[in-house]
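Colleague: Listed below, chain by chain, are the residues.
There are 2 protein chains.
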Amino acid sequence: MIEDSFPPLNSTFLVPFRYTVHFTKDIFSPTNHCLSEFFVSEKKEGSTKKALVVIDQGLLVHNPDLVSKVRSYFKGLDSFVQLTEDIMVIPGGEDCKNDPKVWESLVDAVDRYGIDRHSYIIAVGGGAILDLVGYVAAISHRGIRLVRIPTTVLSQNDSGVGVKNGINYQGKKNFLGSFAPPVAVFNDLLFLESLDDRDWRSGMAEAIKVALIKDKDFFLWIESNAEALRNRDLEKMSYLVHTCAKLHMDHIAKGDPFEFGSSRPLDFGHWAAHKLEYLTNFSLRHGEAVAIGMALDSEYSFRIQFLPEGDRNRILSLLKEIGFSLYHPKLSEGEKKNLYLGLQEFREHLGGKLTIMLLHGIGIAKEVHEIDLKTLSSAVDFLEENL
Amino acid sequence: MIEDSFPPLNSTFLVPFRYTVHFTKDIFSPTNHCLSEFFVSEKKEGSTKKALVVIDQGLLVHNPDLVSKVRSYFKGLDSFVQLTEDIMVIPGGEDCKNDPKVWESLVDAVDRYGIDRHSYIIAVGGGAILDLVGYVAAISHRGIRLVRIPTTVLSQNDSGVGVKNGINYQGKKNFLGSFAPPVAVFNDLLFLESLDDRDWRSGMAEAIKVALIKDKDFFLWIESNAEALRNRDLEKMSYLVHTCAKLHMDHIAKGDPFEFGSSRPLDFGHWAAHKLEYLTNFSLRHGEAVAIGMALDSEYSFRIQFLPEGDRNRILSLLKEIGFSLYHPKLSEGEKKNLYLGLQEFREHLGGKLTIMLLHGIGIAKEVHEIDLKTLSSAVDFLEENL
Ligand SMILES: NC(=O)c1ccc[n+]([C@@H]2O[C@H](COP(=O)([O-])OP(=O)(O)OC[C@H]3O[C@@H](n4cnc5c(N)ncnc54)[C@H](O)[C@@H]3O)[C@@H](O)[C@H]2O)c1
Ligand SMILES: NC(=O)c1ccc[n+]([C@@H]2O[C@H](COP(=O)([O-])OP(=O)(O)OC[C@H]3O[C@@H](n4cnc5c(N)ncnc54)[C@H](O)[C@@H]3O)[C@@H](O)[C@H]2O)c1
Ligand SMILES: [Zn+2]
Ligand SMILES: [Zn+2]
Numbered sequence: 001m002i003e004d005s006f007p008p009l010n011s012t013f014l015v016p017f018r019y020t021v022h023f024t025k026d027i028f029s030p031t032n033h034c035l036s037e038f039f040v041s042e043k044k045e046g047s048t049k050k051a052l053v054v055i056d057q058g059l060l061v062h063n064p065d066l067v068s069k070v071r072s073y074f075k076g077l078d079s080f081v082q083l084t085e086d087i088m089v090i091p092g093g094e095d096c097k098n099d100p101k102v103w104e105s106l107v108d109a110v111d112r113y114g115i116d117r118h119s120y121i122i123a124v125g126g127g128a129i130l131d132l133v134g135y136v137a138a139i140s141h142r143g144i145r146l147v148r149i150p151t152t153v154l155s156q157n158d159s160g161v162g163v164k165n166g167i168n169y170q171g172k173k174n175f176l177g178s179f180a181p182p183v184a185v186f187n188d189l190l191f192l193e194s195l196d197d198r199d200w201r202s203g204m205a206e207a208i209k210v211a212l213i214k215d216k217d218f219f220l221w222i223e224s225n226a227e228a229l230r231n232r233d234l235e236k237m238s239y240l241v242h243t244c245a246k247l248h249m250d251h252i253a254k255g256d257p258f259e260f261g262s263s264r265p266l267d268f269g270h271w272a273a274h275k276l277e278y279l280t281n282f283s284l285r286h287g288e289a290v291a292i293g294m295a296l297d298s299e300y301s302f303r304i305q306f307l308p309e310g311d312r313n314r315i316l317s318l319l320k321e322i323g324f325s326l327y328h329p330k331l332s333e334g335e336k337k338n339l340y341l342g343l344q345e346f347r348e349h350l351g352g353k354l355t356i357m358l359l360h361g362i363g364i365a366k367e368v369h370e371i372d373l374k375t376l377s378s379a380v381d382f383l384e385e386n387l
Numbered sequence: 001m002i003e004d005s006f007p008p009l010n011s012t013f014l015v016p017f018r019y020t021v022h023f024t025k026d027i028f029s030p031t032n033h034c035l036s037e038f039f040v041s042e043k044k045e046g047s048t049k050k051a052l053v054v055i056d057q058g059l060l061v062h063n064p065d066l067v068s069k070v071r072s073y074f075k076g077l078d079s080f081v082q083l084t085e086d087i088m089v090i091p092g093g094e095d096c097k098n099d100p101k102v103w104e105s106l107v108d109a110v111d112r113y114g115i116d117r118h119s120y121i122i123a124v125g126g127g128a129i130l131d132l133v134g135y136v137a138a139i140s141h142r143g144i145r146l147v148r149i150p151t152t153v154l155s156q157n158d159s160g161v162g163v164k165n166g167i168n169y170q171g172k173k174n175f176l177g178s179f180a181p182p183v184a185v186f187n188d189l190l191f192l193e194s195l196d197d198r199d200w201r202s203g204m205a206e207a208i209k210v211a212l213i214k215d216k217d218f219f220l221w222i223e224s225n226a227e228a229l230r231n232r233d234l235e236k237m238s239y240l241v242h243t244c245a246k247l248h249m250d251h252i253a254k255g256d257p258f259e260f261g262s263s264r265p266l267d268f269g270h271w272a273a274h275k276l277e278y279l280t281n282f283s284l285r286h287g288e289a290v291a292i293g294m295a296l297d298s299e300y301s302f303r304i305q306f307l308p309e310g311d312r313n314r315i316l317s318l319l320k321e322i323g324f325s326l327y328h329p330k331l332s333e334g335e336k337k338n339l340y341l342g343l344q345e346f347r348e349h350l351g352g353k354l355t356i357m358l359l360h361g362i363g364i365a366k367e368v369h370e371i372d373l374k375t376l377s378s379a380v381d382f383l384e385e386n387l
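Chains A and B, in that order, are what the protein sequence lines are.
Each residue of the first sequence is one higher than the one before, counting from 1 in full-length UniProt numbering.
Each residue of the second sequence is one higher than the one before, counting from 1 in full-length UniProt numbering.
Chain A with its partners taken away, still in its complex shape (with noise of 0.2 Å):
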């Protein structure tokens, strides 16, 4: 028997994160004093901190002048954050979280610009220029100061509003990344008017799924202005908006941040999502792909008696109202082998227990560990035939 020279020695310690999101409109106006107020509270007397600032290149259609706005409005706060020279300007985009050369660009430009632990990362724009722009700020140095100026739908109330970053590898999608909450967000509304119809659409699956698993006043909510919503009626948006951060926030100060669990509720539609994002090359949005799965794994639940029937109507109408589409074909190609597949990849993922969110009722999840293919396939059937 070896013997063991000396007791262990536990650690055990909690690390402390606070955030603020802000929901302004026209944030860099010279009379909008959201964003400078937040540099101002942050001011540390003798010291000036810089601030690296990137911004989604497809945001500049709409707002051509946006780099020279953003320019004069720091213009003022210059004895206490500096920009650096350039305003990095990259194309938006899942093809920014691809490219190698992109994220060498941004590391680069942290060092060529000094950027330290005390400095600012600012990114401005979609989910996936957050993602990069998060990922880089979380490495290097450790962890620079990242602040967030979502401009989409899905961005402004889910992946801006939480705390995890990532880029692909190899065609592998957030294969690298971490945990790693911002300073601070800030959700202008008017960023908003210049999406395209389908990244209008398909940020508000999000706010879906987290009414139906969480909140059905919510859901009753998006049900009554459904209409509104789909015409593009931007003060409803604001309130989804505002709604759908508020509950996914809520979900993650009080849950597991950093998901050292397995227990995922928020992944409600989402596991039919992964697959079929994979299936179409991506062709479809994370958001469209979700109301698929949503319509999915409502369409089960009815039929395994969890959900009335009744409340599978209504989601599957809401769904089509706001103008998804609920059946793809990848879902049946090779006999649904494909979506079986996905089942068991989900399965690995979360280390060899199934654990599948589904429905009660409108506004009540409840997770299964365990699927029955063939219901699985007359639901997928049903959409296919029914819509």
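Do not take every clue at face value.
[Claimed, not checked] If you want the footprint, here are the derived chain B segments under chain A, 3+ residues with CB under 8 Å: (1) 18-25; (2) 88-100; (3) 108-117; (4) 162-169.
[What the hints assert, rightly or not] Straight-line distance between alpha carbons at most 30 Å, and here's what the computed DSBU-like set of lysine-lysine pairs gives: (5) A/Lys173 to A/Lys246; (6) B/Lys336 to A/Lys50; (7) B/Lys172 to A/Lys172; (8) A/Lys44 to B/Lys374.
Hints in this document: simulated from the structure, not taken from any laboratory.
We treat Cβ as the ideally placed atom computed from N, Cα and C, and that holds for glycine.
Following the hints, position chain B with the ligands against chain A.
Modeller: Just chain B with the ligands now, with coordinates in the frame of chain A:
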């Protein structure tokens, strides 16, 4: 004026971390259950986890059968933790943190073997390997469970029991990295037998450091055992490692584990050490540079009438008795311009406000925010002339 549509949302949460550092001998011996008990304690009904083992090549010189010992050890556990087909052996030392290809080969292995968030990476080696593998574990799938088996004095009493990881980027030390606690650490005393004298000695600098700023009794113990420690008494070393690891871990758990603030008391002697490491192109070991940095800051503390003369004498004597040099010509190079530059870089690194830990006595540290260059210069001259 722009009206803000909705009230801001605050997110505040605490993320819990917990790990144990075990002390053992001959960890992969078939009769040693220290490591296997850990895996048993982590066992989950119905799931088999994978483990990727990465070994520091430097260990194989003295432990040529290490790879096969590891394999045999895990044979008995394979109903709930299965080693991947390959055990990876990579050259240790700083080079592994410099070469992006090594990083990439590890990320590829994570991908190839399907190591997910519920699987393990087990790193066996010196601080450099642990930093590299820890970084890969932290960013793959947003965090894979990391088990560290440190094999040098430095990694057993300091780097390997802490929460940081990192790699170098284009020659910039630790430019990329994160804060990511391990799930468990196993310090195997017997690995230390094969260290060369410089590595054996160098790691003790951190123990002297933590004694100087936090624990006079520990300093007295090191003083009484200096000769034995220099002469490679393994049992004395095991006490030094355990005590230093404990002080280090307490500091992390009770302080600011992820270093959000700018106070860094554990950095006594480190500002000059960092600069010296660069100036010598890392031909000085970290601990060797820290020993010189501590001598300098102790001498400076004495000269500004912080530290009593007797204490200063004991500190310099102990460092010499352990076998450290207390001066390096690079300290004086260019009329000490490089050293002054190091101070300025350190100030910038801290976000503008200089904070240097000095000594008021053995075991009593005190921060200052200014350094008098003339006094610093005379301290350097004293070290040059007298030691
Ligand atoms: N981190 C997380 O927790 C999390 C959660 C969900 C999704 N995501 C990620 O988010 C990404 C998707 O984000 P997204 O849906 O925001 O899309 P996106 O970032 O891919 O942007 C879509 C397109 O819209 C453009 N764009 C951005 N803002 C615009 C605006 N205001 N007006 C006009 N065009 C604009 C972009 O340039 C891009 O071409 C995916 O990479 C996904 O993996 C991350
Ligand atoms: N993460 C942190 O908090 C932290 C703190 C301090 C230092 N570090 C890092 O630690 C690294 C230095 O680590 P180190 O001092 O352990 O040295 P090292 O890892 O560079 O190893 C030195 C040499 O010893 C060999 N070696 C390792 N174990 C051996 C053994 N038991 N017998 C014989 N040879 C062995 C290695 O192959 C290497 O050649 C630096 O990169 C430094 O930046 C990290
Ligand atoms: Zn989603
Ligand atoms: Zn050190």
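Colleague: Evaluate each hint against the coordinates.
Modeller: Hints, verified against the model:
Counting residues of the region 18-25 of chain B whose beta carbon lies closer than 8 Å to any beta carbon of chain A gives 8, which reaches the threshold of three, so the coverage claim holds. Taking a C-beta to C-beta cut-off of 8 Å, the region 88-100 of chain B contributes 0 residues in contact with chain A, too few for the three needed, and the coverage statement is violated. Under the rule that three or more residues need a Cβ within less than 8 Å of chain A, the assignment of the region 108-117 of chain B holds, with 4 such residues. Restraint check on the region 162-169 of chain B versus chain A: 3 residues with Cβ-Cβ distances below 8 Å, three needed, restraint holds.
A C-alpha spacing of about 26 Å is found between A/Lys173 and A/Lys246, which places the hinted pair at or below 30 Å, so the restraint holds. Simply put, B/Lys336 and A/Lys50 have alpha-carbon atoms about 29 Å apart, close enough for the 30 Å limit, and the pair holds. Restraint check for B/Lys172 and A/Lys172: satisfied, since their Cα atoms lie roughly 28 Å apart, inside the 30 Å limit. Of the supplied pair hints, the one linking A/Lys44 and B/Lys374 holds, its CA atoms being roughly 29 Å apart against a limit of 30 Å.
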